[in-house]
Every structure is written in C-alpha cells, then in structure tokens.
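Asker: Based on these hints, arrange chain X on the given structure of chain C.
Chains as they are written, first to last, in the working numbering: chain C, 198 to 640; chain X, 2 to 277.
Mixed in with the good hints there might be a few duds.
Unchecked claim - Far from chain C by the CB rule (all over 10 angstroms, computed), these chain X residues: (1) G74; (2) F99; (3) L138; (4) L167.
Said to hold, decoys possible - Each computed DSS-like pair below joins lysine-lysine, with the alpha-carbon atoms no more than 25 angstroms apart: (5) C/K449 with C/K327; (6) C/K327 with X/K264; (7) C/K381 with C/K300; (8) C/K202 with C/K449; (9) X/K49 with X/K37; (10) C/K202 with C/K381; (11) X/K264 with C/K301; (12) C/K502 with C/K567; (13) C/K327 with X/K184; (14) X/K184 with C/K305; (15) C/K298 with X/K49; (16) C/K589 with C/K567; (17) C/K589 with C/K449; (18) C/K298 with C/K327; (19) C/K381 with C/K262; (20) C/K262 with C/K305; (21) C/K300 with X/K184; (22) C/K406 with C/K381.
It should be emphasised that the hints constitute simulated quantities derived from the structure, not laboratory data.
This one's a predicted model, so the numbers in the text were calculated from it and none came from an experiment.
Here a beta-carbon is modelled for each residue, glycine too, at the ideal position from N, C-alpha and C.
Listed below are the residues making up each chain.
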Amino acid sequence: MSEIKLVGVTRRFADDVAVDHVDLDIADGEFMILVGPSGSGKSTVLRMIAGLEDVSDGQVLIDGKDVTGSAPRDRNLAMVFQSYALYPHLTVRGNMEFPLKLKKMPRKEIDERVSRAAASLELQDLLDRKPAQLSGGQRQRVAMGRAIVREPSAFLLDEPLSNLDAQLRVQTRAELGELQERLKTTTVYVTHDQTEAMTLGDRVAVLRKGRLQQVGPPKELYLIPANVFVAGFIGSPGMNFFPATVDGTTVKLPMVEYELPARLADRSELLHGTHVVVGIRPEHFEDVGLVGRAERQAGVGFTAKVERLEWLGSELFVHFRVETSGDTGSETLREVVDELGASGVRGEHEMLTVARIDPASDIAEGDEAKFWLNTDRIHYFDADTGENLLQKADEIRAGDHLDADPSSTDDAGPAEPADPAEPAASVPPSVPPSVPPAVSPHG
Amino acid sequence: MQGHVKEKAWWSSASVIVVVFALLPVAWIISLSLKKAADINDGSFIPKSVTFDNYRNIFDQGVFTAALRNSIGIALISTLVAVLLATTAAYAIARLDFPGKRLVLAFALAIAMFPQISVVSPLFDIWRRIGLYDTWLGLIIPYLTFTLPLAIWVLSAFFREIPWELEQAAQTDGATPFQAFRKVIAPLAAPGMFTAAILVFIFAWNDFLFAISLTSTNRARTVPAAIAFFQGTSQFTQPTGQIAAAAVVVTIPVVIAVLIFQKRIVSGLTSGAVKG
Chain C
198 MSEIKLVGVT
208 RRFADDVAVD
218 HVDLDIADGE
228 FMILVGPSGS
238 GKSTVLRMIA
248 GLEDVSDGQV
258 LIDGKDVTGS
268 APRDRNLAMV
278 FQSYALYPHL
288 TVRGNMEFPL
298 KLKKMPRKEI
308 DERVSRAAAS
318 LELQDLLDRK
328 PAQLSGGQRQ
338 RVAMGRAIVR
348 EPSAFLLDEP
358 LSNLDAQLRV
368 QTRAELGELQ
378 ERLKTTTVYV
388 THDQTEAMTL
398 GDRVAVLRKG
408 RLQQVGPPKE
418 LYLIPANVFV
428 AGFIGSPGMN
438 FFPATVDGTT
448 VKLPMVEYEL
458 PARLADRSEL
468 LHGTHVVVGI
478 RPEHFEDVGL
488 VGRAERQAGV
498 GFTAKVERLE
508 WLGSELFVHF
518 RVETSGDTGS
528 ETLREVVDEL
538 GASGVRGEHE
548 MLTVARIDPA
558 SDIAEGDEAK
568 FWLNTDRIHY
578 FDADTGENLL
588 QKADEIRAGD
598 HLDADPSSTD
608 DAGPAEPADP
618 AEPAASVPPS
628 VPPSVPPAVS
638 PHG
Chain X
2 MQGHVKEKAW
12 WSSASVIVVV
22 FALLPVAWII
32 SLSLKKAADI
42 NDGSFIPKSV
52 TFDNYRNIFD
62 QGVFTAALRN
72 SIGIALISTL
82 VAVLLATTAA
92 YAIARLDFPG
102 KRLVLAFALA
112 IAMFPQISVV
122 SPLFDIWRRI
132 GLYDTWLGLI
142 IPYLTFTLPL
152 AIWVLSAFFR
162 EIPWELEQAA
172 QTDGATPFQA
182 FRKVIAPLAA
192 PGMFTAAILV
202 FIFAWNDFLF
212 AISLTSTNRA
222 RTVPAAIAFF
232 QGTSQFTQPT
242 GQIAAAAVVV
252 TIPVVIAVLI
262 FQKRIVSGLT
272 SGAVKG
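Same shape as in the complex, but just chain C:
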C-alpha cells in the first residue's frame, strides 16, 4: 500500500538519454501501466523505481520518502521479471520462501504465507518441484507467488506475460487483473502490448523515446489522444492517418472532401494554414448501405477499391487503398508510422487503410465499394509537431462518451474493455474472459 511518485526522473547512458524527465504520480492501490514500443524507456523507468538502475537526475519517492539512492532491498517492492528469474536451484517452495527467510520471519508465518499464496495461485501440488520442471504458465505463477508472499508496498511487473502463448496470455491477464483487484496493492506494469495496457490499467502512461507522451485512463487515451503517436499506438488495428488540407471549413482528404462538423466550425482557424494530419479509427468507417439515413448526415460517403477482407465473425476488417498525390509531407507522421510499424504495433502502410465494418456487409474483395465516414469522430494533428490540434474539442466530445452508458456506445475498439472503470480482469479465471483474444496487429 504505497504511492509512488517520479519527479523529473532521467536516465542517461554514455551517448543517449533512455528516460527523459518523466513525471508520474501513481496513487495508492492504482494499477498503472507503462506502455510503449521497444526502446521507449519503459523498462528503465520500472527498474529505476525498483532501484536496479541508477537515476541520473530527478527523484523517486515512495510514500513521500525519497528513495532515489536507496538499495533495492530497502524499498519493499516486489518485482516480477520478464524471464521470471526463478532461482533454478530452489524448489517452488524455496523460491517463495526466499524473500521471507531473508526477512528472518518466523517459520510458522513463512509456512502460512506460502501456503496461502500457493492456494490462491493453484500451486499447492507443485511446491516441491524445481522451476525446470514447470511449464511457462506455472513459472509465471511462481514468480507472482514470490512477489505476493512478501505483501510488498507495490508490485513491479516487467512484461510478465510476454513469454506465454497467446491463449494463456489472455487467461493469465484476466487472473492478474483479478489478483490486483483483490489485493489492492499498487502495481506498476510494463508492457509493449497496447491490448494489455487497455484491459488491465486503471491508468496508462504512454512512453516514446524516453519521454512521457500521455497519462490517463485507457478510454481517455483512446478518445483524446494527445498526439499522433498515442493515437497510432493505442487501438488495434491502429488509427489510419491521412494528409489533409483545410480551407475555411472544408477539409480535403485524399479520397474525399467534407465540411467540418458544426461544433468544430468555430475552431477551424486552429486548423487553417497548418499542415494537418487527419486520424480516423477503423470503426468510424462503415458500409454505406448499413448506415441509417439520419446517421448518414453526420458523415460523408466515398468510393474505394477493396484490397483485402478479414472476416472474424463478430467483426469485418476491410483494407482499401487510398490514392494520394505522392508525398504525405509529414516527417513526424512518417517517423511515427515507421516506429509503430517497426515495433509490430501497426504494420499498416499509412495509405493502405483499414476499416472495421459491420459483418453483415456484403462487400467483397476487389469491389469498388461505397464507404461512409463519420466526420464527427475524426482527429486532427499538427503535421510538424504531431500534437492533437483539437484536443479541447476531442475532450468535449469524449465527455459525452465517457459519461454515457458503455453498452450503448458503439465506438469501443475491438480490444477495448466494456468499461475501463471495471477492468475486464474482474472476470473469474474459470470463466472465459469477456475480452476477445487480442486482435493481432496487422502485418
């Protein structure tokens, strides 16, 4: 039970800055996710909290106490490593007892705590095995067990699920969330997988190249991304980006032109003259034939050639190509797309657009299909800085959605939980999690 505070935390290596002035407040009992592509510095931040990495600049505070220079053993934090780091020469019991024995805890209490943790993680039958005799999932549970028995101030988890296969990962993810819910222990969780971030976290901190991009509840990141990077990183499949020119209240996209919605019209001067990148989530496209007449007014129709279909039963992904006049003109965007593509977050070329439409649609591969675009749900970014130009407007719009009954909104991404306030992880482990298996990023 502790709050963790990072103040301007920086980690410099010989010739680069791995973590650059990160400020982060993690509340008592909060489940905080650090997410970002590889090389974003998320693990380094975690290791600095743990005390395993030197802090070049700034402070780490636990419950208001400056621990920047203290040894890991003086911080009472339990860490679960990506490799689990189980002690191979000790049995499961030996591994779980290890931290308690170091504390010179009475034998009776050690046994009590170990058997309690073993019961809650279903490890009772494995207590006398060595780690080498365990499966990946079991090892993961032992690593969790070793952390739980200590009843630490906080859990630090470094990609704890990345060594599990897809199915086990979804199940373990749910169990982890449930465990944290029950123990109410402050948890900092590092992952590169935005699905894990969205489903588990009370709040998510997105990092890129050592800099904090945005911190907020999953839904906020999804609906009000601070910049192109967060917009592209959160959501699966990722957001589609297009170069755009704004003339008065007319927005010109490569495939279509439209008028800014009324509520944005008075902000159009923010867009005018700026090099603009437009971001559209896959679910904001639809097959024209399946859009009601009233709704159709809120958007615009266009035609595009369908390159590829992915039918997943409950959803249908349509990939269509958009002709552009060559250069997109945005260095920032290209950089971000490269980065996200390279880290496997979103393998799409920016101009091969993906739309998530109603599976009832009869669009076929190769068709010149008619699409509808919800122009009210479009994000506008500065092409040079990547900043969200209409963040205020996004916030106002998101306000309606954040307050609204989650079941009635249709804007939830495929990987988004039904309600971030109640993480999907609260599902009992025996029941198949309500979250569909992660939609693997395309490409």
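Answerer: Here is chain X on its own, set in the frame of chain C:
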C-alpha cells in the same frame, strides 16, 4: 553390415591401443611397487610374489610421511585460496564494466603460459632473502600465481552464463549484494568452482619443479620432491620399490577426486551452462 562390423572393430582396436598406451606405465609402477626387492630387476610384468613391504617401508620413513602431510596441506590451502580469490575476481570480471577488463583477462592468461623454469631461480633468491624458502607459504604463493589465471577463466565463463536478473531478483527480494551472491549465484556456479578446485589441486599436488627448488627439508618438501630423496635399504640398493609405492600412493587421491567429480568437471570444462 560388413562395413558396420569393420568400423566397430576399427574403433575398438583403436580404443584398446589408447588405453594400453595410457595405462601401461601405471600398471608397471603398480607391479614394481608390489615386487620384492630381489625381484625388482627380473623384468617380468606380473610380480612372482606379491608383497606390501614397500608400502610399509615408505610409511616408516619420516621423509615420506612428512612430505605427504606437506603435500596435502599445501595443495588444499592453495586450492581453497585460489578458488576464493578466483571466484571474487571472476565475478567482478563477469558483472562489472571497468576499464582494462580485457587487459586483466589477457594478462592473466599470459601469466598462466609463462614458463615456470624462468621464475624458479629468481624466486629461489628472493625467498632465501625474505625467509620464505622452505616454507608452506613459499610454495603456496607460486602455485596461486600459476593456477589463479586458469581458475579465473573457468569461473568467469560460468558467471557469464548466469542470468543477471537472478541476482537482481534476489536484491529486490531483500538480499544484500553478498547474500544474493552467496544464496543464488554461488550455488549456481558450484560446478565451475569444482572444476577450478580440481585443476588447482592437481597442479599443486603434481608440481615437482617448485617443490624441489624451493624446499630443502621435511618442513615443506612435498611428495614429488621427497621421492627423489628416498634411500635404499642399503647403500647399494636402489629404492625403486619404494619410489613405485610412493608414486602409487600419491596418484590415488587425484584419481579418486577426479572419479567423484567427473560429471561436474566434464560439464564444467565443456560449457558451464546453467539453464533455469
């Protein structure tokens, strides 16, 4: 099928030749040690009559028992100190990034390759002057010099294979750096320590050059050197039987040690893999 049999025959005969070649001298020494003084020169491989007189005889000589004591003491102390020092040094080399790390390793290897004969006479002079001549310490020091590099190499290979995360896990679990080393790293590096220990022990146990040059009395003379000082039963008899018996006696501990730790040494010399 024909080829298979041929191949098998070829391999077995080759094995037999190698084994005979390696073990014949040992068998010959054993045979000599069991012969009576009168039969020593009879040239037959199987002793006409078996006697343990030679063994009884050497244990009656103060030269041998003192030497055995010296050998055991010096070899064990050298082993203990070498493994202790090599462990800490190898750990530092494997874990820390300090300037000149590669130089240290290269230098250590160079020292191990140094011809021992070239340092013997200066050592003799220095030891005489500072009073280390004919003492246990006087032998232990050169043994450490020549065995530490090898021990450091073997052990640092082991430490490098132990995931660093294990140590970090121990530290976040509440261990001091020393506890993390003692409770997690050391048990995992144990095969490496055994390997290093055996190598050091055998070097110290078998050494003849330093032992003969840097000792003069029973105070510190080890068995290989002492054997040269055996005396025959009379002025005119060669102590061949006793020498053979002494040779057999000093071979036994090494053989036993190697047999006991064979598995660990093999795994130690080949990889040092520690898989979780």
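Asker: To test your reading of the hints: which numbers does this structure violate?
Answerer: Per hint list: 4, 5, 8, 11, 15, 16, 20 and 22 violated.
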